[in-house]
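J.: Working from the sequences, and respecting the hints, build out all of it.
Number of protein chains: 2
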Amino acid sequence: MSEDLARLQRALGYRFQDESALLRALTHRSAGHDNNERLEFLGDALLNFVIGEAVFLRLPKAAEGDLSRMRAMLVREETLAVVARRIELGEVVRLGSGELKSGGFRRDSILADGLEALIGAVYLEGGFAAGRDLCLRLFAPELDHLPDPGTLKDSKTRLQEHLQAAGRPLPEYTVLNEEGPPHRRSFRIRCRLADDGSESTGEGASRKFAEQQSAERMLHNLIESGGRHA
Amino acid sequence: MSEDLARLQRALGYRFQDESALLRALTHRSAGHDNNERLEFLGDALLNFVIGEAVFLRLPKAAEGDLSRMRAMLVREETLAVVARRIELGEVVRLGSGELKSGGFRRDSILADGLEALIGAVYLEGGFAAGRDLCLRLFAPELDHLPDPGTLKDSKTRLQEHLQAAGRPLPEYTVLNEEGPPHRRSFRIRCRLADDGSESTGEGASRKFAEQQSAERMLHNLIESGGRHA
Chain S
56 MSEDLARLQR ALGYRFQDES ALLRALTHRS AGHDNNERLE FLGDALLNFV
106 IGEAVFLRLP KAAEGDLSRM RAMLVREETL AVVARRIELG EVVRLGSGEL
156 KSGGFRRDSI LADGLEALIG AVYLEGGFAA GRDLCLRLFA PELDHLPDPG
206 TLKDSKTRLQ EHLQAAGRPL PEYTVLNEEG PPHRRSFRIR CRLADDGSES
256 TGEGASRKFA EQQSAERMLH NLIESGGRHA
Chain L
56 MSEDLARLQR ALGYRFQDES ALLRALTHRS AGHDNNERLE FLGDALLNFV
106 IGEAVFLRLP KAAEGDLSRM RAMLVREETL AVVARRIELG EVVRLGSGEL
156 KSGGFRRDSI LADGLEALIG AVYLEGGFAA GRDLCLRLFA PELDHLPDPG
206 TLKDSKTRLQ EHLQAAGRPL PEYTVLNEEG PPHRRSFRIR CRLADDGSES
256 TGEGASRKFA EQQSAERMLH NLIESGGRHA
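First to last, the protein sequences are chains S and L.
The opening residue of the first sequence carries number 56 in the working numbering; numbering runs sequentially from there.
The opening residue of the second sequence carries number 56 in the working numbering; numbering runs sequentially from there.
Calculated from the structure, these hints are not laboratory results.
Since we're looking at a predicted model, the values are computed, not measured.
The C-beta atom is built at its ideal place from N, Cα and C for all residues, glycine as well.
Heads up, some of the hints might be wrong.
As the list claims (entries may be wrong) - So these bits of chain S aren't anywhere near chain L, every CB distance computed over 10 Å:
{"hint": "1", "residue": "72"}
{"hint": "2", "residue": "92"}
{"hint": "3", "residue": "97"}
{"hint": "4", "residue": "194"}
Said to hold, decoys possible - Label pairs and their computed distance ranges (CB to CB):
{"hint": "5", "chain 1": "S", "residue 1": "155", "chain 2": "L", "residue 2": "247", "range": "34 to 40 Å"}
{"hint": "6", "chain 1": "L", "residue 1": "263", "chain 2": "S", "residue 2": "200", "range": "34 to 40 Å"}
{"hint": "7", "chain 1": "L", "residue 1": "131", "chain 2": "S", "residue 2": "254", "range": "36 to 42 Å"}
{"hint": "8", "chain 1": "L", "residue 1": "113", "chain 2": "S", "residue 2": "201", "range": "32 to 38 Å"}
{"hint": "9", "chain 1": "S", "residue 1": "233", "chain 2": "L", "residue 2": "65", "range": "30 to 36 Å"}
{"hint": "10", "chain 1": "S", "residue 1": "229", "chain 2": "L", "residue 2": "199", "range": "51 to 57 Å"}
T.: Below, the structure written as structure tokens:
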């Protein structure tokens, strides 16, 4: 076995009995037919469950929405790539020549997929306890520093809760402008508070995105102006 | 313990040591603060993993996309409600008076949430093997009769594969019309095959839906006309 693979297994805290399973988990679809896509499916599902359970246990008072947002933050591609870089997974993923040339070993999606495939392979060989322990070890730094669940809410939700806490009416969102061809639509939205007439606007490629931006700006204005209404 | 709860546990094949955990799993949020929403989060995650593993093992040749679609079909609300009715879960869910009056015990969403919460509660008390066995027992009829993965693909994908198999060019989708206010937009899409100029159209509240309908109609025409090009 190469030194690279030995090092990876030390970083994982798991030693494969069947080295071919480890190699398959490291093989991106660009490198051949016997690749890690099915293992990635399995590992993704296990990781979702184990991280879900971890936030469930660590946040005993959190409501379901907070648990969902916290898990989504932990298992999104960007976070998985951070974890994958921590174990230097990019050094050992096996890519086709095209992906190699374009630096695929640095890409978030390839690193995240490889990490999930490793988790799937450990589960298949080692069982649930081994798979679960691996997930918890890999994500220990993230799980030990969970952010306040409130900070994960989207801007519209945070604005709504801020206004409700102050006994104020809910904001009204209005489309001010919508233009461009269907595949490159652009929206401008106004967020307005009926009681004092304050307004903010947001722009974006979807109505949803433009609304979020207008809400974020309104929230910023409210917090900046500090308690004019509170 | 009531006869109803004893019957439910026989149907589950699991007997709770802690009856309060069973009661919590059966309590909809409309019936009080100590409800099943957190357990539902946990049970949903476990069910996704166990059903994901089951399709992974039962379809050893299936690609990742097929596994994802098969799992999505099995864990969607509609299927969960079928399973919940099989164990007569509606008889024992605990609802607030509003939900009771409006017949909430018959609603798919309430039954599906209750089923997931039961799975979460069994896992918490009985561990992974008990939770996994429960999922596999509950979904055995569905898992024993998995459909052909190909039938689960969306119309655009099936049309594309049909054309590729016949060595024909890919379809072109064009927006023919787009009208109505932003919250009630309506799209009309044309699907066209460049080689023989055949066309179909689709309508819908989103571009995506209208495209799917136009693809479905084109596929229908191709199969009806049977091998004019094959």
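J.: Quick check on a hinted range of 32 to 38 Å for residue 113 of chain L and residue 201 of chain S, using CB atoms only.
T.: Since residue 113 of chain L and residue 201 of chain S have Cβ atoms about 36 Å apart, the given range 32 to 38 Å holds.
J.: Quick one: work out the minimum CB distance from residue 92 of chain S to chain L and report holds if it exceeds 10 Å, violated otherwise.
T.: Not fine: 4 Å to the nearest Cβ puts residue 92 of chain S too close to chain L.
J.: Would the least Cβ to Cβ distance between residue 194 of chain S and chain L come out above 10 Å?
T.: 15 Å, holds
J.: Classify the label on residue 72 of chain S as holds or violated, using whether its beta-carbon is more than 10 Å from each beta-carbon of chain L.
T.: 19 Å, holds
J.: Does the Cβ distance between residue 263 of chain L and residue 200 of chain S fall inside 34 to 40 Å?
T.: 39 Å, holds
J.: Using the C-beta atoms of residue 131 of chain L and residue 254 of chain S, is the stated range 36 to 42 Å upheld?
T.: The hinted range 36 to 42 Å holds for residue 131 of chain L and residue 254 of chain S, with Cβ atoms some 41 Å apart.
J.: Holds or violated: 51 to 57 Å for the Cβ distance of residue 229 of chain S and residue 199 of chain L?
T.: Distance hint for residue 229 of chain S, residue 199 of chain L holds at roughly 53 Å.
J.: Taking C-beta pairs only, is residue 97 of chain S more than 10 Å away from all of chain L?
T.: 5 Å, violated
J.: Would you say the C-beta atoms of residue 233 of chain S and residue 65 of chain L sit inside 30 to 36 Å of each other?
T.: Violated: the Cβ-Cβ distance is about 58 Å, outside 30 to 36 Å.
J.: Is it true that the C-beta distance of residue 155 of chain S to residue 247 of chain L lies inside 34 to 40 Å, as the hint says?
T.: 39 Å, holds
Violated hints for the displayed structure, listed by number in ascending order: 2, 3 and 9.
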